[in-house]
Amino acid sequence: MPYDTFRYFEYDLWLMSGIIFVPSLFALLLLFIPKGQKNWMRITALAGTVITLLLSVFLLVDWYQLLDTYRLTDQTGHTLAARADIARIRESARGHLDTDLVARRPWIARFNIEYFLGADGISVPLVVLTALICVLAIGASWNIENAVRGYLILFLILETGMMGTFLALDFFLFYVFWEVMLLPMYFLIGLWGGPRREYAAIKFFLFTLLGSVLILIAMIAFYFADLTPLRDWLEQRAQQTPSEELRREAQALEQAVRQRHGSGETALHTFDILLLHKVGRESARLEWDYQQAERQYEEVLASRDSQRIEQARQHRTTIAQLKERHQIFSPTFQFIMFVLLFIGFAIKLPMVPFHTWLPDAHVEAPTPISMILAGILLKMGGYGFLRIAYPICPWAAYALAWWIALFGVISIVYGAFAAMAQTDFKKLVAYSSISHMGYVQLGIAIWTSMERSQFWNWGINGAMFQMLAHGLSSPGMFFMVGVIYDRLHHRDLHRMGGLANAMPLYTGLSVIIFFAAMGLPGLCGFPGEFFTVLGTWNFTPPGSEWAGKIFAILAAATVIITAGYILWTLQRVYLGHRPPSPDLPEITFREFLCALPIVVLAILLGVWPRAVLDWVEPSLAALLRDLASTHGW
Amino acid sequence: MSLGDILFWIVGLMTALCAVMVVVTQHIVRCAIWLLFTLAGTAGLFFLLGLDFLGATQLFVYVGGTLVLVIFGVMLTATGPFIQLRAGAGEWAIAIIVGLLLYGLIAVSWMFADWSKLPEAALPDDPKQMYHTEQLGRGLLGDTSVQPVSALPGVPGKPRAAEKQTGKLQPPPSRQASAYLLPFEIVSVHLLVVLIGAAYLARAKRKRVVAASQ
Amino acid sequence: MASVGLTQYLLIGAVLFVCGVVCMAIKRNAIGVLMGVELVLNGASVNFAAFARFHEAFRVEGQVFALFTIVLAAAEAAIALAIVLNFYNNYLTVDVDSAEELKG
Amino acid sequence: MLENPGWLFVAATLLPLISFILLLIGGKHWGRVAGWIATAAIGGAFILSAIGAAYYLPHSGLFGHSHSSEAKPASQEEHRGASHTHGARREHNHGHEYSSLLERDPAEPPWQGGLVWAQTSSGESGQATALRLGFYVDGLTVIMFLMITLVATLIHIFSTGYMAEELQPQVEDHQAYAVRAGRYPRFFTYMSLFCFSMLNLVLADNLFQIFISWELVGICSYLLIGYYYERSSASNAANKAFITNRVGDAGFIIGSAILWTYCGTLTLPDTVRLQRNAKGEMVRELEPGLFSRLRMPNKDTHGDPLPGQLDKYFGNFVRVAPIKPAAEVADTRYRLAENGGWVLVFGGHFHGEDLTEETAIAASSAPTNMGLSVMPYWALVLAGIGVFLGCVGKSAQFPLHVWLPDAMEGPTPVSALIHAATMVAAGVYLVGRAFPLFAPEVLLVIAYTGAVTLFIAASIALVQTDIKRVLAYSTVSQLGFMMLALGVGGWIAGLFHLLTHAFFKALLFLGSGSVIHGCHHEQDMMKMGGLYEKMKITAVTMLAGVLAIAGAPLFSGWYSKDAIMVSALAFVVHHPQHILLFLLPLITVAMTAFYMFRLWYLTFTGKPRDEHVYEHAHESPWVMTLPLIVLALFSVVVAWGWPPWDPHASALEHYLDHEMPIYLHPDADNPLQDAYLAPVRKYAEQPEAFPEIQLPDPHTLAGLLALLSAGIGFLLATTVYYWGYLDPEATQQQFARVYTFLWEKWHFDAVYRWIAVRPAMVLARICRWFDLYVIDGLVDGSARATVKISQWDGKFDLGIIDGLVNLTADIIYAVAAWLRHVQTGLLRNYVLFLALAAVGIFALVSYILALVG
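Chains as they are written, first to last, in this note's numbering: chain A, 1 to 633; chain B, 634 to 847; chain C, 848 to 951; chain D, 952 to 1804.
By construction, these hints were calculated from the structure, which means they are not laboratory data. Just to be clear, a hint being listed does not mean it is correct.
As the list claims (entries may be wrong) - Straight-line C-alpha distance at most 25 Å; calculated SDA-like pairs for lysine to any residue:
1. Lys1746/D - Val1756/D
2. Lys1230/D - Asp614/A
3. Lys1230/D - Arg590/A
4. Lys1478/D - Gln1126/D
5. Lys1230/D - Arg71/A
6. Lys979/D - Gln251/A
7. Lys979/D - Glu586/A
8. Lys1478/D - Glu1566/D
9. Lys1739/D - Val213/A
10. Lys1230/D - Val213/A
11. Lys1230/D - Pro618/A
12. Lys979/D - Leu206/A
13. Lys979/D - Glu235/A
14. Lys979/D - Ala1127/D
15. Lys979/D - Leu968/D
16. Lys1739/D - Leu206/A
17. Lys979/D - Pro585/A
18. Lys979/D - Arg590/A
19. Lys323/A - Glu235/A
20. Lys1230/D - His261/A
21. Lys979/D - Thr588/A
22. Lys1230/D - Tyr70/A
23. Lys1487/D - Glu1116/D
24. Lys979/D - Pro597/A
25. Lys1230/D - Thr69/A
26. Lys1739/D - Arg196/A
27. Lys979/D - Val511/A
Construct the complete structure from the given sequences, taking the supplied hints into account.
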């Protein structure tokens, strides 16, 4: 009896839980290290992060194998939804499957909250990135001397929060981790930060808290919707169009509803993100059908063919009834919820005008925390778009695409210009982050019709890749800034210069990283931007023929400004012949080790992006297909 | 009007009268005497009801025990001024009014209460067939045959199947009796303890007097 | 006049009860108060007995609880008298009005 | 025999990359060896491309048409017409080009190959779903490879000598007053990276890959201009160069995005890719490139000839107009229209019957694999201009030419290789490579840009005194000539001049480098003079270069400049309103001759104007003079043909003519002819076919005019600077205003500072201010407001709410105080109260029950 749940060891559950909780375990371990043993504490923390990195690499390998198996057999089977459905169906029969990278356990049964983890092409790269950056950040925080224990413990808890956010598939769980992430960050900035740390920490906290409150509202609103009508609807559709996918979804939903009703509930309320995806998709699809029928009816009205008019009216009324009965998330509801979620995630992204927490937080935070902030926390925004905001409220997302893209472009241009005016090295990097994350938003926003979906696919791929690239380059830049700050104890660009001769190795590494940020081909910054711009020209949101073209031109023209501020910075910091202080030590071996992986990966991703895209793109394509299918294709 | 009824009226009224006398009498010793009669009357009522064991106990415990205690108390404390302690006329008035009100209330509620809710007992005319004492004994021993229905839930008895399944209480099935032997024992032990306690409390404490006199 | 039934017994019990209450209310002598208590208890046990007689349901319980009442009354009397004696030892009186600690 | 000799060129491209990686990792400590490694790498690249060329030449048609037409199989013949880029024979015959491309022997050019760099799984395959890295080797690639690798090899050799002083551990930088460590290896590291990028650019078969190389060569130029980064002038120049180039690159990106969106590919020529078909087996299938998608072929996808009455559209952009002018373009029907707003895109499999004169044409607005699609004509023009903007930046054309003179801050070999011979020529090369993409409007823009550039640059070069700056402006001017030529349809002329110019301009720069090296980094010609005795080889070789650029007969420049003038003339004859396109170059020829001879005279003749410089001047070592000699040789003979004195017998020109886009061939039997340029070409080649034009033979006319103008320039220079009849100082005084205007380079820098740099900085400051005071102001303000509110809230609490609470408390206290009298403490009263309470409660309950029931 191989699937006996008692004797059965569900591998992926333990793997993903390990990725999430190993850091906290080591945080516990830190408590037992005798006072004053700073190096042992650091080594312990390092061990924790390294083990997490190893586990995440395992996850990556598993995902790759899973993708391969499905590539040959079932084209759509690799999506999270499909795997979760299969798991749910077989769960009732034979227990869990240990290779599907989906794990589900009841947590708070009373409210149908589950401990629900899953990994796919959207989350896996971010998980690996997080693990890597955390290792490097620990390496970078070696020279933090005061309250080492507390610092490391908070850091590890932070890592747990980030990992959980990326792996959670239950909205409640997601939110919990989201908050877990928030608080340590607040203390890390507020206690180990620079002179204005209180201000920065409070600002960061308030902004992020505002965002998470909005998300909370949306979450609760979703929870209060009863999803039972969806079951009948999915069954209907499964009967109408005999597709394996629909059948599976219907069956799984049936399973869920029955399970829920078994425990004395009459309705199905859930935090299951994947289930909410289906709800949003089907609601939007119904809305679309209804509007089509409406349009068709009006067209027919023109021709005075009474019987055809009658047919059209019949059709419209039937659709209207279906909508009445099965549409759970009405367009208005979707609009409100989407705006809430969007602002919530856009604050994290950060999107102009919700960005001002970022420069302050970056400037005040210690170097490793800046690395985490820029490398990972900003990605939460994009991840939230892809995982939650878009799939759950596709109708609103499509209707608001124009605005989202607009704000993306504004972020791009505004961030670039603001960066050019900075005199504080860290602030400059922070603003460049804003500009770069604008590409992410733009790439996600350029929703196009199914027949030209490849362009949107380029956009989303660009966004995803840009997230990863920025997750490498901007921590790298912050690290480089930190290195120089340790030596000069100031970050004033006007008081630097001539480092190239003083610290040639350091200069070489940082020049590569800065070029990567500049989007130089052959380095990781380039593909994301290029894909996004390629996709953007095609973007024609309903009603505005020129939007995409103008956006594309602006986004493309910003590379000039980017080159401007980056090269100007390089000139002010590295070139020239007067080093700011006579004896600047070359970077230490530890610092070199921290910078090296970033440089290597930056080059690797730039030269051969398929090293990532090949196992990221299928998930994105599936997501895109689901979304686009809501608008009639 | 059967003999039983006549006897009831006589005994009952006498008892009530004595009770009233207990209230109105000022002299504490006489009070004790009236009380004695009241208690005896109660015992008589018990006998009339055919509850002979109960009546007997009433006589033993009260008349033979409690009252003796009371009279001891009276004697120990009946010094001079305390023989007759008078309450004020106002108090009398209030007390009587309240008493009448209370009595009226109880009487009215009992007169208009609809006792038919309870299963009316079918009385066998032959008092020999009543076997009250025997039944009491059996009841104490937990014999299930003596009593058709137990209306007092919660008293220890055999746990029921339904209650085992769901914690909820089920309406009692017919012919379910409960054993009162254990509670009875507990009560007697309690009595013993109380007597000991009383003896302890009643010890004279001289120094307290001194303390009080100062 | 209706034949004697439950109600009549209850009425008698009520008389005892009320008398007891009034007795408690107006006796200044602690012993008197104690007697009132006894009366109340008697009223109660009369009721019990009546129910035991006139109702199948209480055939056993009625008696048993009357029994308990009696026993407890005895106990209570013992305690009460002990208290009275202590009271007397402390205050050299049995006038309950002289115990005013409860005054608000 | 190699199965696909194209890989030779790939290998040639990768050699410098390998050397770059080697030097990047370990070069720091290798000293002189680093130079040898880089030189060996690029030399190996030259050898490889030479072998590749040997493979190619049999097909090149250099050995007479007969050879190729007989020797080659028919399929080869036909395939020449296939993708419209590479050479079609004059006697092009109508074959099934698509099918033939599928059957073609991979050993026959064009040699192709490639791999997918990034792809998406949604959308129709082959339609904007894959970005490729590929190589495409045709005649143009071959000749460019030969030129680049040869020049680069020579320059590398030269550099080993020129950069020798960087070998010593301590180098004193006179301009930055700094002493620094020598960085000899770093120089060659950058050079290797540049060579790789440049070759990759030429090798690429798609705009995307070209863009990558575009940026890479840009960054190499940045690094090498900033080689002496201790000097602020150097780092400024580097930044200027890269940012100016980025302006062009932004245009390039936009152009690519447009083509990508409407045509669904960035690959220029047709490519054969292995595709897994429905049954899962791999099949070779043809993917039409941009050219075939935009220019109408005379065959449909299945090789069937298209209806004859359409022949006037063959090889042209087919402009159409929607039949019903609906805004909704998707699947509307179109009709052929002379100036329709849309252009047909032949992306998918289309049939002859789809296309007819009379009936409507169904086309989708999205790139599709089935049938035809359309793109707006303005988008086509914009795409062309965008791509050309990239070329403008790279080739330092007006208005983005300002960076090139400043780029002279880099070491001289860099100026020779990157900023004269190869990188700056990349723009011209791209225009030539992507020529079929350009709509007539774009070509006109190109032509005028070239004309304006060549004139402005030459005029500035007249007054410069820094020897390298003179050469820089002459480079800009020559690039302008090439652009002009391409713009007026002189495809051959433009690329011809590109090749010849590469040699003689590299020669001139290396010569100037030799001079500078000899004069210990003195670049001001006013401090030189009379150096002929000191450095004879340099002087003579440079004279060869000067003659070549001035267009003296039998020197390579003569042939190419002649070709340019002919093209310009032919164009002007057909479009008289554009007469400037002939006059400006004509004047500039004279200017060119003038400033080049001025340079030579000032440097080598007359008496030394600075004794100090003169005394220390010395001839350079052989590693530097040898390349000079070789280059001099090439700049004389590279364009020769038989007989050499016939300007139109040039073998190189013939070769290029063979590589010309087919639709430029004005033959009667060429089905694909461009309506806009073919007549011009035809007039340039067979003027006798135009009896109505009352002009002498354009070749003689243009040739004589050019020669005359060059002679005037030469004479002027000689009179002023050699015979000294005219005093240049006096002339400057006389035309003071003009002189300052030219000396200030037409005030371009100032203008840009005012219209570009300053506004950008101001905008940046505005953004910063907005952040600090508006957004943060709002945030902090809201925070402060919250605090205030909470304070008021506190007051409210204290005053009102607490007041109420206390009031109730007091009331209750009072009541309680009264009630406490109830607590008599008398046991008996309590009993009474109990009884009363019982009564009261009973009464109340019964009353309520009465009310209820």
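Against the earlier hints, flag every one the structure doesn't satisfy and list their numbers going up. As far as the earlier hints go, 3, 6, 10, 12, 13 and 20 are violated by this structure, in ascending order.
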